[in-house]
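Enquirer: Listed here are the chains, written in short residue letters.
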Amino acid sequence: MWQPTASIETLKNRALFIASIRQFFTARGVWEVETPILSNNTITDLHLDAFETQFDFDTNGQAKSVFLQTSPEFAMKRLLAAGSGAIFQINKAFRHEAAGRFHNPEFTMLEWYRPGFDDQQLMAELDELMQLTVDAKPALYLSYQQAFINYLSFDPLTTNLEQLKLIIAEHSNDEWLQQESNPDTLLQWLFSMKIEPVLGYKEQAYEEKDKQWTPCFIYNFPASQASLAKINQQDKRVAHRFELYYQGVELANGFYELQDKAEQQKRFENDNQLRAQAGLTQKPVDENLLSALESGLPDCAGVAVGIDRLFMLKYNLTHINQAIAFDVNRA
Amino acid sequence: MASFSTNQFKAGLKLMIDGEPCNILENEIVKPGKGQAFNRVKIRKLVSGKVLEKTFKSGESVEGADVMDIELAYLYSDGEFWHFMNNETFEQVAADEKAVADAVKWLVENDVCTLTLWNNNPIAVSPPNFVELEITETDPGLKGDTAGTGGKPATLTTGAVVRVPLFVQIGEVIKVDTRTGDYVGRVQK
Numbered sequence: 549m550w551q552p553t554a555s556i557e558t559l560k561n562r563a564l565f566i567a568s569i570r571q572f573f574t575a576r577g578v579w580e581v582e583t584p585i586l587s588n589n590t591i592t593d594l595h596l597d598a599f600e601t602q603f604d605f606d607t608n609g610q611a612k613s614v615f616l617q618t619s620p621e622f623a624m625k626r627l628l629a630a631g632s633g634a635i636f637q638i639n640k641a642f643r644h645e646a647a648g649r650f651h652n653p654e655f656t657m658l659e660w661y662r663p664g665f666d667d668q669q670l671m672a673e674l675d676e677l678m679q680l681t682v683d684a685k686p687a688l689y690l691s692y693q694q695a696f697i698n699y700l701s702f703d704p705l706t707t708n709l710e711q712l713k714l715i716i717a718e719h720s721n722d723e724w725l726q727q728e729s730n731p732d733t734l735l736q737w738l739f740s741m742k743i744e745p746v747l748g749y750k751e752q753a754y755e756e757k758d759k760q761w762t763p764c765f766i767y768n769f770p771a772s773q774a775s776l777a778k779i780n781q782q783d784k785r786v787a788h789r790f791e792l793y794y795q796g797v798e799l800a801n802g803f804y805e806l807q808d809k810a811e812q813q814k815r816f817e818n819d820n821q822l823r824a825q826a827g828l829t830q831k832p833v834d835e836n837l838l839s840a841l842e843s844g845l846p847d848c849a850g851v852a853v854g855i856d857r858l859f860m861l862k863y864n865l866t867h868i869n870q871a872i873a874f875d876v877n878r879a
Numbered sequence: 377m378a379s380f381s382t383n384q385f386k387a388g389l390k391l392m393i394d395g396e397p398c399n400i401l402e403n404e405i406v407k408p409g410k411g412q413a414f415n416r417v418k419i420r421k422l423v424s425g426k427v428l429e430k431t432f433k434s435g436e437s438v439e440g441a442d443v444m445d446i447e448l449a450y451l452y453s454d455g456e457f458w459h460f461m462n463n464e465t466f467e468q469v470a471a472d473e474k475a476v477a478d479a480v481k482w483l484v485e486n487d488v489c490t491l492t493l494w495n496n497n498p499i500a501v502s503p504p505n506f507v508e509l510e511i512t513e514t515d516p517g518l519k520g521d522t523a524g525t526g527g528k529p530a531t532l533t534t535g536a537v538v539r540v541p542l543f544v545q546i547g548e549v550i551k552v553d554t555r556t557g558d559y560v561g562r563v564q565k
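Quick note, the sequences are listed as chains V and S, same order. Under our numbering, think of the first position of the first sequence as 549, with each following residue one higher. Under our numbering, think of the first position of the second sequence as 377, with each following residue one higher.
Read the hints as simulated data drawn from the structure, not as lab findings. None of these values were measured; they are calculated from a predicted model. Honestly, I wouldn't trust all of these hints.
Said to hold, decoys possible - Listed below are several chain V residues computed to face chain S (Cβ distance under 7 Å; list not exhaustive): (1) His595; (2) His651; (3) Ser775.
To be verified - Once the Cα atoms are required to be at most 25 Å apart in a straight line, the calculated SDA-like pairs of lysine to any residue come out as: (4) S:Lys433 with V:Arg823; (5) S:Lys433 with V:Ser729; (6) S:Lys418 with V:Ser740; (7) V:Lys814 with V:Pro846; (8) S:Lys421 with S:Met377; (9) V:Lys685 with V:Ser568.
Ideal placement from N, C-alpha and C gives every residue a C-beta, glycine not left out.
Let the hints inform the model, and build the full structure from the sequences given.
Expert: Okay, here's the thing in structure tokens:
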């Protein structure tokens, strides 16, 4: 078990791949930053959990909880508020969850922020990055609403919980789906099981090799899944949040970033209420982020990309452990 | 029986699903970046043999199934039951027609088979990968044919029918791959 899970040849290709990403940003005047991997604060998300450990040498003499970061978002926003301008980072992020074909609890994340960009402009830049670093075709763009209409023939913005259960029963007889009380969970199930696996896939080809994948952006997520994105002022049912899917895999999540401190605070509190309802411990709110928002976050868009997954797709690797030197079992 | 959390799911784990013991064939975690994680599982129902896909909310628990595989030698059939014996303890187990199913055409006396037991009752029988059986019926072959040009059907003592090369004759014993039903070769007596 001492041997790496990826081949040396693959790891050399990975080094070149990551160098090409750095080059992409350097050429555009986006500078590379480093923010803490071990942080005093963490996220409040219902479905994300951080690794927590303890710092015994705080100057006040008390042991305190510290967290491995789940993404460098909050720290990078503090740099933006301090006047950094356009920045990127390639670093390790950690999520306390099960390992799988596309999941390792420790993974490499690329995250960047563009002052003056909105979600549309940032999607266009990620589209270019995909074309230049993994030879992808120009991406498709589909709203969350349109994706459900195209693939499942219903409008997710006007469908209530009971209607969703009837729709989902056509796809699965798993009992827990009929007992679910959160409509977003059912939408996420339908998206993950029925849309994501075929998104951007062209199967009208005579030969297998001509069947091709195109990266596909999904934008205008429902406001209930806004996360840290601004609400769309033209249609308040949706938020300026997007994701990128390629070859049936979720690769990136981005926002036209929320700048309003009060709204951010409300979302943190709402998250914690959901955590309490689900029987999970509530998480302290990151006061440093709130102070940075109060001081003024520039109008900007930001996105996080899973680098291990992107590399897997570039080299047709079937498991994330073939893309990293040592997976969680050998780390 | 213990229950298993979705975190413990892996191929080969036996679970009770819809009141029937099942074997996990594949387990995949589906985790939207900002959403609920799911486990998408392909399972085989061990009694009916049916393969289907189920999803679970990650973190849920599912009752395990008291299922185990044991190796027993085939003894004989009384027409209603097929009798097997543990060669070490001489303990005998009788499997019914439903459990034996398609394995019936590959059962050779004294061959060691794998029996799947659920709550100590046999629910499935798997023959060895290779068995040796005598041909009871086949058309006379053409002289000089050695490689075979598609072959001919041959009926074996158990009633199984396999394609054999033209030179193989009635009374000969042949080796067959039970997983595919393919002729492997003649057995020197």
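Enquirer: Run the distance test for Lys418 of chain S versus Ser740 of chain V: straight-line Cα separation, threshold 25 Å.
Expert: 16 Å, holds
Enquirer: Lys433 of chain S and Ser729 of chain V: Cα distance at most 25 Å?
Expert: Measuring from Cα to Cα gives roughly 13 Å; hence the hint holds.
Enquirer: Holds or violated: Lys685 of chain V with Ser568 of chain V, Cα cutoff 25 Å?
Expert: 18 Å, holds
Enquirer: With the threshold set at 25 Å, check whether the alpha-carbon distance from Lys433 of chain S to Arg823 of chain V stays at or below it.
Expert: 16 Å, holds
Enquirer: Hint validation: His595 of chain V versus chain S, beta carbon distance must be below 7 Å. Holds or violated?
Expert: 6 Å, holds
Enquirer: Is the interface hint satisfied for His651 of chain V? The criterion is a beta-carbon contact with chain S at less than 7 Å.
Expert: Where the cut-off is 7 Å and the nearest Cβ of chain S is about 6 Å from His651 of chain V, the hint holds.
Enquirer: Let me know if the C-beta of Ser775 of chain V comes in closer than 7 Å to any C-beta of chain S, holds or violated.
Expert: 5 Å, holds
Enquirer: Is Lys814 of chain V within 25 Å of Pro846 of chain V, Cα to Cα?
Expert: This hinted pair holds, its Cα atoms lying about 20 Å apart.
Enquirer: Holds or violated: are the alpha carbons of Lys421 of chain S and Met377 of chain S at most 25 Å from each other?
Expert: 18 Å, holds
In summary, the structure agrees with every hint in the numbered list given earlier.
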